[in-house]
Every structure is written in C-alpha cells, then in structure tokens.
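Q: If you want the building blocks of each chain, they are given just below.
2 protein chains.
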Amino acid sequence: MIEPTTLALTGDRIEAVYEFHGDVTEAEKRANALRVEQTIEFPADLVPDDDIQRSVVGRIESIEVVDSGLVCAVVSYAVETTGYELPQLMNVLWGNSALLPGIRLIDFKLPDSLLDRFPGPRYGIMGLRDMFDAPTRPLLATALKPMGLSSERLAATAYDLALGGMDMIKDDHSLSNQPFAPFVERVQRCAEAVAKANAQTGLNSVYMPSINAPYDLLDERVEAAIDAGAGALLVLPGITSFDQMRYLASKVEVPIMGHPAFLGSYSASPTNGIAHGKLYGTMMRIAGADLSVYPNYGGRFSFTRGECRDVVANLTGPLGNLRPAFPSPGGGMTLDRVPEILEFYGNDVALLIGGDLHRGDNLAKTAANFRAAVGG
Amino acid sequence: MIEPTTLALTGDRIEAVYEFHGDVTEAEKRANALRVEQTIEFPADLVPDDDIQRSVVGRIESIEVVDSGLVCAVVSYAVETTGYELPQLMNVLWGNSALLPGIRLIDFKLPDSLLDRFPGPRYGIMGLRDMFDAPTRPLLATALKPMGLSSERLAATAYDLALGGMDMIKDDHSLSNQPFAPFVERVQRCAEAVAKANAQTGLNSVYMPSINAPYDLLDERVEAAIDAGAGALLVLPGITSFDQMRYLASKVEVPIMGHPAFLGSYSASPTNGIAHGKLYGTMMRIAGADLSVYPNYGGRFSFTRGECRDVVANLTGPLGNLRPAFPSPGGGMTLDRVPEILEFYGNDVALLIGGDLHRGDNLAKTAANFRAAVGG
Chain X
1 MIEPTTLALT GDRIEAVYEF HGDVTEAEKR ANALRVEQTI EFPADLVPDD
51 DIQRSVVGRI ESIEVVDSGL VCAVVSYAVE TTGYELPQLM NVLWGNSALL
101 PGIRLIDFKL PDSLLDRFPG PRYGIMGLRD MFDAPTRPLL ATALKPMGLS
151 SERLAATAYD LALGGMDMIK DDHSLSNQPF APFVERVQRC AEAVAKANAQ
201 TGLNSVYMPS INAPYDLLDE RVEAAIDAGA GALLVLPGIT SFDQMRYLAS
251 KVEVPIMGHP AFLGSYSASP TNGIAHGKLY GTMMRIAGAD LSVYPNYGGR
301 FSFTRGECRD VVANLTGPLG NLRPAFPSPG GGMTLDRVPE ILEFYGNDVA
351 LLIGGDLHRG DNLAKTAANF RAAVGG
Chain W
1 MIEPTTLALT GDRIEAVYEF HGDVTEAEKR ANALRVEQTI EFPADLVPDD
51 DIQRSVVGRI ESIEVVDSGL VCAVVSYAVE TTGYELPQLM NVLWGNSALL
101 PGIRLIDFKL PDSLLDRFPG PRYGIMGLRD MFDAPTRPLL ATALKPMGLS
151 SERLAATAYD LALGGMDMIK DDHSLSNQPF APFVERVQRC AEAVAKANAQ
201 TGLNSVYMPS INAPYDLLDE RVEAAIDAGA GALLVLPGIT SFDQMRYLAS
251 KVEVPIMGHP AFLGSYSASP TNGIAHGKLY GTMMRIAGAD LSVYPNYGGR
301 FSFTRGECRD VVANLTGPLG NLRPAFPSPG GGMTLDRVPE ILEFYGNDVA
351 LLIGGDLHRG DNLAKTAANF RAAVGG
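Chains as they are written, first to last, in the working numbering: chain X, 1 to 376; chain W, 1 to 376.
In short, the hints are calculated from the structure, not lab data.
Fair warning: this is a prediction, and the values are worked out from it, not measured in the lab.
Careful, some of the hints might be misleading.
Among the chain W residues that face chain X by a calculated CB cut under 10 Å, a handful are [to be verified]:
(1) SER174
(2) PRO182
(3) VAL184
(4) LEU263
Built from N, CA and C at the ideal position, the CB exists for glycine as well.
Model the full structure from these sequences, guided by the hints.
A: What follows is the structure, encoded as structure tokens:
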C-alpha cells in the first residue's frame, strides 16, 4: 500500500463513453479495469482512499445495459491526467484499452480548459469559403494521380484541373518522394502550373501537396512547399500522427486537409476501435484539419450513411471555440452521383472526385462539368 | 486514357501477404482492387499497358483459397513506390486498405535495398546484454507509477527499484507532463535517484522516461532527459508515429523501448488490421526499438501464446542487417509467473513487471526477489 496523496485539482473532467461487448454480467468489472488501465495502471487495492484513488483514477459516471451483449459506460478522467497535451489525451482516451478485447470508444467530451489548448482549424468552413469566393456552394477537390507520372505530367494535369475550376488540387495521398516525381521538383512544377491557370481563369485554385514526410524532413519539405506556392497541405495523421498535424496547423498559414490513410483499422470493427465521428470528425478537428477526407457511403469502401452523418456532425457541431471543418467525402466518387451526394450533405461539403474526372478526352472540360454540377 | 509511361525501375519488390475474409468467389476481384488502391488509386482501365500498369500497380504474385471464407494473396509492389521512406512504406502496405472491410495484412518482406535504409535497433539484444553486464540472463524491467505521485515520490520509488537490481526502470507510459510530476522535474529527480542507487550497488540500472511529447517539444524534452542522465527512452509509436521513433533511434545514443499504446486496434480483429508479429515485431524493429513491449498471454489482455510467439519470431529472426530486439512481455505480469514465462520465452526476454512488485512493504527487496528469480 502506498502512502496517501493530496492533490490540487481543478475538478474539470473529460467524459468518455465506452461500449463493452460480450457478457453483460462482466461489464462492470471490465469498466472498473478500464478506468484503472487508462490512468494509474496499478493495482487499485494498493492505492489508499486518497486523491489518486478518488480523482486520478477514472470514475464510472454511469453504466447501462443496452442489450443482451452490450453495456455502455461513461467514464470520466481528471483533465490533469492529459497534461493538457494531445498525445497524452489520446493515451488517456484509448492508449491501453485498444489492447483489451470487445471495447469501443464511441464518444468523448472535453472541458473548455482542455479544448482551449487546441486552436483547431485555422480556416474552417467560413475561412475556406472566403478563400475560394464560394459563399454558399459546395467546394470542389480533386487529386493528382496516378503515381508513376513525372512531375511535368502531374503539373500538366494540375493545370487542366485548375483551368476547369477546381478549388483544391491535391496530390494523391500516395505521392511522397518517389523517384518518379521527387517531392521538391513536383511541388514546384505543380504550384507553378496552378498559378498559371489561375492567371487565366481569375480563380484561386490551390495546389495541395501531400506531406507524408520522414520526421526529420518535415519542416524542410513544408517550407519547400510553401515557398513554391502550395496553397494548402494534405496530411496523413494515421501515419505521421495527429499531433504532427496540430503542429502544422499552428505553424503554417494555409489550410490543412486530413486524410484517413492507416486509420481505417480503428473504425473497422463494431466491437473495437473508435467511432467514425470521433476519429474522422472530432480528432481531425482538434488536430487542426480544415477539411477531413473519409470514404463516402456507396463508394469503394464500407462506411454507412449513418457513419458519414456521424462524421459530419462532429466536424460541424459545437466544440468549444473551434471552427467547424468541411467534410470531404471521397473514395471512388463519380460525377453522376453529385446530385445525390449533395442531397445527402447539403452545401457544406468539399466534394472529392479523383479518377472519374479523367474519363473522356478533355480533363479541363470534365472538371468544368464537375464545377457546373455544383452551381459553381 | 493517359499517355504511356516508361520508367527506370530497379526490379526490387516488396512482398505483402493479405488475407481476404468473406465470399471466396469475390476474392480475386478484391485483390485486384487492393493492388490498385495501395498504389495508383486510379481507374485501372484508364492506364495503358505501360510501366505504370505493369510495375507501379501492385502485382498479384499468388492467390490461394485457404478455407470457405478465407483467401490469401501475395501482392508485390515496386520498391520505388515507397520512395525509400518509412511513412510511405506504411502507406503502401496498409494506407487505404485499412478502410476496406475484411482484409488483414499478415506478412511482408522487404528487399535489402529498402531494409538498408533503416538502421533498426542501435543496441539490440547483444548491445543491451553488454550494457547490463548480462551475457545470458533475462533482462529485468519495471515501471514507475501510479500517475498522481510527485516527482520526489516517483524518484524514491526509482531508487528502491534500482537498489533491487532492476536493469530498466521506465516511466509508466501514462506519465507525460502532468502537473503532478512535470516532465523535466521528474526526469531529473528520477535519473538522479537511479544514479545514486547505482553508486551503491555497482550496477548499471537505467532510468527510462516516457517520451510522449507534443511534436514541437520532442527535441527539447529528449535533450532534457539525456542531459539529466536518462539511460533509455520509452516511445509510443501508436500515438507519436513509427517514424518519430526511427528518428529518435537514429539520433539519440540510448536504447529505445517501443510501447503498444493506441496500437491495439490494429491487432484486435481477426479480419482487419495487421498481424501481431508484423506490428509489434517487424514494425517496431524497423523503426529502431531495442525492446518491444506487448501484452503477454495470460495477463490482463488478450494476446494468445501463438501471437506472442509471432512477435518474438519477428523481433529476433533474420531481417536484413537489422539487429534482433528484445521481446518485453508485460501487462499484469506477476512474480509467481516468472518460471512459467521463462519456460515459454527462454532467456532472450526482457521481463516487465510493474504493479505486482509493490506488494509487500519492501520494494527494494521485492525487486531483488524478481532479480533472483531470473538468476541475476
């Protein structure tokens, strides 16, 4: 038994909601294990009835049997357990519990004292609407691909897409620093091509390179991109971390689009992982994404309409003082689906159509058709 | 249709093995979708019969029906698709496929031309054996906790554990920069306490702070830790990225222990994610972990004996010129299980016992009993 501890705590607490799948008679025991696992990770019987036991250890606020195989528990944590830093917030919410079977993090609420530490999206929906002179219409995004093309050919593609009036022309998330189109060369050519098209159209298309850089080359690549005239950045937090995205959003004065690469395994299982809305919505927004890409329902991936709605609600609903961010559904979207997608999302959406724009023999014209389809 | 491309490729290829769960008659179609998804992510019918179609797009090397609901496919990728960088290697292996239902990455082999870019563990098993003057015995690791204790009390705990002869005294992975024990203060006190104990015992116990730092504070915290005398670092790549760990291993001349926080969702589902051995074994080792922590079978978590064996095989088996790394099974281990655990692992293991050492009223003595139990 350790000696008792007295702590000065603010009383502010995070509330996390977990599902426990399996035998409901075991759920309370499992919730008790979780509240310890996520905090002190120490035999609870060795901690006296002190401030650690009462306040640092997670607290079960409620526990409810939902059905014969599912219990839902609200567990609260002292905000101090996070040290007011994003990496440790992630650790408190989901660090070791990810290793426990049959548990899913389905919601969390953060106190203002914590949310205030995260500026969130620098531009958000209103900022991007200003940037693209698009007060009400949906925004338009597309991707440069396929991997294997030279920088020159990607730049020619970017030029056509900008002529066609795309707001955001992003690198495919798989473009990094391959010999086919090395990063610095590519961003220079593509940014130049988009600027040339803008001079002709009078629009403000932005080129958005994919920043999936080695840790020690991040600043240098981002600087090269900004110097070349990149107008936004594509970031892959599942690979390079949510906190790196937060850092970029705090430092770089261009919009950031978060991409879901490598994150899918968190949302793939109904009995483990993190709910779609919290992962592709709240986490992306806290980490500063102005736009969050995710697979739309009915494309090549497996998200349902409900899961897409959940993402939108968390990107755009109230979250402290953080700006709302654009949902950017993609993943095998086609031009002929635009009316249906707009009916589902309304106008606060950044539509992302990649490969399908390349059907036909005039890319700029297909892109212009895409723009016309949203009334742009 | 895009214009044909000619590329100069080395011919070196990565081989990845994927399981496709579900209707076996759909598997070939799904494997064909995956090989495109992971590379060009572009309608395959728009790419002519050129070097992109033949070599950049992933190639199905073999495909085999394993049972009525499972097909296994070997897909190879040109090494150039990775740009020889770890973040993009992760993207090629598992980026978007993580979002596809019913697919699991169960193995991968990298050509030497890629492995040569990753130095891997700086110390590895032999280097750590030298460091702790432990030519044959298992190594001993333990954790400072519970969160909520002051730096002074954590340091007092570290002192006792070092007196008891622990090789590695790590911060609990949940200690970051909380007000209870702020990072810089904590690492100074704890490193000092361990040095004091070493002066008495003549041993070389190391204090291993947990580095779960915000992106922009990483270098400063690591420098503070090393300056204070920390003899190793605990890193959480599931939160701060595998590539950050690779960076640290390349830069900092102390051993690194990789911790599985936030990674559990990749290994939780038998029908999605990444096999235990590849994630907690190969990935950790490529990214430079000298030791990889994972939940032992029979503890609070859910790993099986087979999964633990898979981790060990990938930490210690042949992998280019990379040094083998120590498996460090933990997660609710107890002193009375030591003989059984050693029978399972043999001596090439770094046993990790945390809370259980705190039972009884003499921590240094319990730690000494742990050391005696491995013949140290």
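Q: Next, verify each hint and record whether it holds.
A: Going down the list of hints, with the structure as the test:
1. SER174: 6 Å, holds
2. PRO182: 8 Å, holds
3. VAL184: Violated, about 12 Å.
4. LEU263: 7 Å, holds
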